[in-house]
Amino acid sequence: MKRKPDRQKLIIAIMAGIMALFIFGVISLFIMVRFNNTNPVKRDARVYDKKYAFISNDTDDAFVRDVYNVAKEKASEHDAYLEFMGDHLSGDYDSHALMEIAIASRYDAIFVEADDSREMTSLINEAEAEGIPVITYMNDDSKSNRQSYVGSNFYVLGMQYGRELRKIKKDDTVNVLVLVKETLPESSKNSFSSSLMSEISDERTQGNEYDIDFYQLDTSQSFNVEEAVREIVLYKEGDVDVVLCLDEITTTNFYRALVDYNKVGKFEVIGYYNSETIVQGVERGVLKAAVSVDATEMGESCINAIEEYFESGYVSDYFSVGVEIIK
Amino acid sequence: MKKMRTFFSNLIHRMSIRRQLLVSFIITALVIFVANFVIFIEIDRQLSSVDDVYAGNEQNNELLELIEAVQNSMTGYLQVKSTDIMEDYYRSVYALSEKLDTMETPISESVAPAARDDVKNMAYVYLSRADETIQGKRGRDVEKYSGSYAQATELYTYMRDAITSLNAEQFKQNTREYSELRASMKLLETASFIILALVFFIGVFLTIILTDRITSPITDLSKKAEIISTGNFRVEIPVSPWNDEVSVLSNAFSGMLISIRDYMEQQKKSLETERDLRERELTMEAEIKEAQLKYFQAQINPHFLFNTLNAGMQLAMLESAPRTGEFLKNVSEFFRYNISSDKGESTIGEEVKLIDYYIEILKARFGDELDLIKDVDENLSNVKLPKMIIQPIVENCVNHGIRGIDRKGFIYLTIYEQKGEVLISIADNGIGMEKETIDAILNGTIKPDENNKDSNGVGVRSVINRLELFYNKKDIVEIISNGKDEGTEVIIHVQNNAG
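Residue numbers (this note's numbering), protein chains in the order written: chain D, 1 to 327; chain X, 1 to 499.
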């Protein structure tokens with residue numbers, strides 16, 4: 001009835017408003033549900049053109065992880081996916097088995113931290129025969145048909161360690177223990193040893209004596225490194241003055257052991273790599289210094305090497321990665 | 001926006017209640033349907049993603065079973081070199097190859113496709129090693145098949161591990177997805193609840209508006225009807241802009257009310273007219289009664305007087321006095337006319353005849369000092385008019401106009417028709433009348449001279465009153481006088497009702 005025209009208009013306005021609100025509500029709720037649904041099954045994973053295998057002896061090594069992450073990033077720029085072999089396998093496979101898997105799985109390229117074994121050489125050769133180029137990093141296998149090696153020269157590393165070692169002087173002989181993984185190729189070890197010796201030879205002429213010993217770390221079992229380090233910290237005090245660690249895990253273990261067993265200052269430790277823990281150890285004075293290989297450079301060089309190979313069919317035999325000292 | 005609102009408003013106004021109910025029901029149902037539809041689609045989407053999650057596991061297991069079948073049959077063939085196992089082996093190889101050929105394994109950063117690609121490639125290598133093994137066994141080349149078998153078994157171990165690892169990985173991922181799915185479902189649940197609650201409230205709101213729309217006009221109408229039932233018809237029922245059933249009822253009710261009011265107005269008016277008429281009739285009767293009373297007050301029994309006059313007339317005839325006889329006849333006729341009781345109505349002809357008698361009587365008194373000059377249209381003789389109208393005026397002319405003048409007095413009686421009216425003019429050549437006197441007579445402010453012995457007692461005012469009552473209109477009589485000794489003319493306007 002016309003008696004309340006204002007009321008009618010109001011009712012119509014309210015009705016229209018509510019309808020609009022309702023439609024808005026439904027749409028926004030719908031959108032909210034859609035966009036909030038982060039269902040990964042539907043999430044589009046990037047698809048690549050090539051796949052590369054990244055093989056390491058030590059999947060827990062922070063340095064190796066850093067190299068992998070940089071390389072993975074770099075590989076994706078070239079439409080390639082870099083897989084850390086063994087990461088998604090429940091079994092504990094060594095680098096040889098992982099090489100076999102990578103070959104059988106027909107990866108487009110393999111990056112491997114080589115060792116000194118014949119088996120590794122033969123696996124690298126098998127991969128090459130299958131048409132899969134292999135780039136070694138960290139540790140080289142120069143006897144094999146690998147395409148290139150990316151890493152710090154152990155000779156350079158030896159020099160760096162030597163320079164730090166020279167600063168440690170004692171009235172009598174300085175007992176140095178070099179902790180190396182048993183997988184480290186003999187050649188690398190020799191390079192390292194000779195450059196180290198050469199670096200401290202000047203000191204020797206000045207009457208400072210250094211007794212250098214190599215300790216082979218068994219890495220076949222997971223906790224062997226930790227056990228070996230514990231042994232040294234607990235029982236080699238006095239016998240060993242300086243410890244040179246040539247990898248990240250050994251360095252970290254040593255740092256922890258010194259703190260845990262209250263042996264800080266009992267050993268002069270020159271470590272390896274610039275992980276957060278190691279840098280902290282150096283800052284606190286637990287570790288004397290750390291020699292670090294540039295993980296970013298190494299990761300990028302790996303990919304550059306393989307891309308160069310794919311592009312030209314040839315690649316440099318050796319990509320050097322810079323070394324720095326953390327004090 | 002305004003246009004839209006007007007359109008919307010007009011649309012609603014044009015709708016009947018039935019249609020409004022239907023539309024509101026359809027809208028609500030539609031909204032519920034759409035809301036449910038959206039919810040169902042969303043649920044379906046969520047469920048299909050659950051399906052996807054498990055489809056991956058199913059595919060993995062299927063692949064593993066096929067690989068295991070090849071491995072088992074190969075191993076079986078190496079153990080027992082039989083045709084049946086050989087057939088099993090080829091069947092399983094065929095199945096696996098077919099499966100591998102149809103497998104799509106893009107190189108992806110997501111774990112499942114990457115792992116499946118690895119397995120697929122390994123499986124092809126594995127199949128060739130298995131084939132070498134079988135060929136070696138058939139050729140009894142122990143060295144060859146031992147080596148191939150070892151390699152194939154190694155690959156088999158890798159593949160099995162890869163698949164079980166993938167399953168485990170997917171299980172981990174599925175668990176994560178499941179909780180996300182649950183969160184999503186929970187959100188959907190909340191969204192559905194809100195949507196349905198909104199729909200419910202809108203439904204209720206619409207119903208309230210509609211029922212109010214339907215019932216409030218009816219309630220209003222019933223209140224108005226209640227007021228009307230107390231006798232108050234002055235209630236206003238506004239016109240409804242809606243086009244629904246209640247509005248039709250309301251408008252009809254309003255129309256009915258207006259009709260009743262009009263009818264009552266008419267009734268009232270007609271009652272008033274009737275009352276007026278009745279009043280006039282009664283007044284007229286009273287006037288006549290009064291006139292008649294005047295004669296009765298003459299203290300002479302009119303019949304006695306009438307009979308006496310007749311006796312005198314016969315006596316004059318016997319005594320051969322014809323003039324006296326004529327005189328008495330005239331007086332007798334005059335009185336006969338006066339006392340006849342025919343409801344106070346007469347005709348012009350009868351009235352003129354009465355004037356003749358009257359003038360004759362006067363002539364007996366005044367001799368040749370008085371004369372009547374008549375000009376009467378005979379066609380108007382049957383025009384009806386109240387009784388005793390002309391005579392009192394003529395009497396007035398004689399008594400107040402002519403009497404006492406030193407010249408011969410003339411009375412002019414002219415009756416004629418003009419513009420559908422009958423005009424009765426009574427004029428004299430007497431002393432004339434002042435304007436004030438004329439106005440006083442016409443307004444009725446002058447009192448008739450009760451003691452005038454020459455009057456029959458019926459005054460001019462009475463004549464005017466009766467004429468006005470008879471014709472129910474004013475200004476029937478006009479009196480014209482040009483001043484002293486200019487005489488007076490009285491004109492009576494009557495309707496020609498002779499037919």
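Just so you know, not all the hints are guaranteed correct.
Unchecked claim - Quick list of in silico lysine to any residue cross-link-like pairs, SDA-like style, CA-CA up to 20 Å:
#1 X/K172 to D/Y235
#2 X/K144 to D/E126
#3 X/K120 to D/S90
#4 X/K329 to X/R365
#5 X/K172 to D/G91
#6 D/K74 to X/E109
#7 X/K120 to D/D108
#8 X/K384 to X/K329
#9 X/K172 to D/A45
#10 X/K172 to X/V50
#11 D/K50 to X/P106
#12 D/K72 to X/K473
#13 X/K172 to D/E203
#14 D/K50 to X/K473
#15 X/K384 to X/H493
#16 D/K50 to X/K120
#17 D/K50 to X/E104
#18 D/K50 to X/M103
#19 D/K72 to X/P106
#20 X/K224 to X/E245
#21 D/K170 to D/E268
#22 D/K50 to X/E109
#23 D/K236 to D/G131
#24 D/K72 to X/E109
#25 X/K289 to X/N338
#26 D/K263 to D/T296
#27 X/K120 to D/Y48
#28 X/K473 to X/M284
#29 X/K81 to X/R140
#30 X/K120 to D/N69
#31 X/K353 to X/I491
#32 X/K120 to D/K263
#33 X/K120 to D/V47
#34 D/K50 to X/Y124
#35 X/K268 to X/R280
Simulated from the structure, these hints should not be mistaken for lab results.
Right, here's what the structure says about each hint:
Taking the CA atoms of X/K172 and D/Y235, the gap is near 44 Å; set against the 20 Å cutoff, the hint is violated. Among the hinted pairs, X/K144 with D/E126 is consistent with the structure: their alpha-carbon atoms are about 18 Å apart, no more than 20 Å. Between X/K120 and D/S90, the direct Cα distance comes to roughly 18 Å. Compliance with the 20 Å bound is thereby established for this hinted pair. In summary, the hint linking X/K329 to X/R365 is supported, as the alpha carbons are separated by about 15 Å, within the 20 Å threshold.
Simply put, X/K172 and D/G91 have alpha-carbon atoms about 17 Å apart, close enough for the 20 Å limit, and the pair holds. Our distance criterion of 20 Å between C-alpha atoms is met by D/K74 and X/E109, whose separation comes to about 14 Å. This hinted pair checks out: X/K120 and D/D108 have alpha carbons roughly 15 Å apart, not beyond 20 Å. Straight-line distance between C-alpha atoms of X/K384 and X/K329 comes to about 26 Å, which puts the hinted pair past the 20 Å bound.
Restraint check for X/K172 and D/A45: the C-alpha separation of about 18 Å stays at or below 20 Å, so the hint holds. At roughly 14 Å between alpha-carbon atoms, X/K172 and X/V50 fall within 20 Å of each other, so this suggested pair holds. Distance hint between D/K50 and X/P106 is fulfilled; the C-alpha atoms sit about 10 Å from each other, no more than 20 Å. A C-alpha spacing of about 124 Å is found between D/K72 and X/K473, which places the hinted pair above 20 Å, so the restraint is violated.
Taken as a hint, the X/K172 and D/E203 pair is broken in the structure, with Cα atoms around 58 Å apart against an allowance of 20 Å. Distance restraint check for D/K50 and X/K473: the Cα-Cα separation of roughly 125 Å exceeds the 20 Å cut-off, and the hinted pair is therefore not satisfied. Of the supplied pair hints, the one linking X/K384 and X/H493 holds, its CA atoms being roughly 12 Å apart against a limit of 20 Å. Between D/K50 and X/K120 the alpha-carbon distance is near 15 Å, which keeps this suggested pair within the 20 Å criterion.
Restraint check for D/K50 and X/E104: the C-alpha separation of about 15 Å stays at or below 20 Å, so the hint holds. With a C-alpha separation of about 18 Å, the suggested pair D/K50 and X/M103 falls inside the 20 Å cut-off, and the hint holds. A hinted pair counts as satisfied when its Cα atoms are at most 20 Å apart, and D/K72 with X/P106 qualifies at roughly 17 Å. Among the hinted pairs, X/K224 with X/E245 is consistent with the structure: their alpha-carbon atoms are about 18 Å apart, no more than 20 Å.
For a cut-off of 20 Å, the pair hint linking D/K170 to D/E268 stands: about 12 Å separates their Cα positions. Proposed proximity of D/K50 and X/E109 is supported: the alpha carbons are some 11 Å apart, at most 20 Å. Only pairs whose Cα atoms come within 20 Å are accepted, and D/K236 paired with D/G131 is rejected, the gap being roughly 49 Å. Annotation: proposed proximity of D/K72 to X/E109 holds, straight-line Cα distance about 10 Å (limit 20 Å).
Only pairs whose Cα atoms come within 20 Å are accepted, and X/K289 paired with X/N338 is accepted, the gap being roughly 12 Å. At roughly 33 Å between alpha-carbon atoms, D/K263 and D/T296 are farther apart than 20 Å, so this suggested pair is violated. A distance of roughly 17 Å separates the Cα atoms of X/K120 and D/Y48; the hinted pair therefore holds under the 20 Å criterion. In summary, the hint linking X/K473 to X/M284 is supported, as the alpha carbons are separated by about 14 Å, within the 20 Å threshold.
With a C-alpha separation of about 11 Å, the suggested pairing of X/K81 with X/R140 holds against the 20 Å cut-off. For a cut-off of 20 Å, the pair hint linking X/K120 to D/N69 is broken: about 26 Å separates their Cα positions. Taking the CA atoms of X/K353 and X/I491, the gap is near 19 Å; set against the 20 Å cutoff, the hint holds. Taken as a hint, the X/K120 and D/K263 pair is broken in the structure, with Cα atoms around 53 Å apart against an allowance of 20 Å.
The suggested pairing of X/K120 with D/V47 holds, with an alpha-carbon distance near 17 Å, which does not exceed 20 Å. A threshold of 20 Å between alpha carbons decides the hint, and for D/K50 with X/Y124 the separation of about 18 Å falls inside it, so the pair holds. Between X/K268 and X/R280, the direct Cα distance comes to roughly 18 Å. Compliance with the 20 Å bound is thereby established for this hinted pair.
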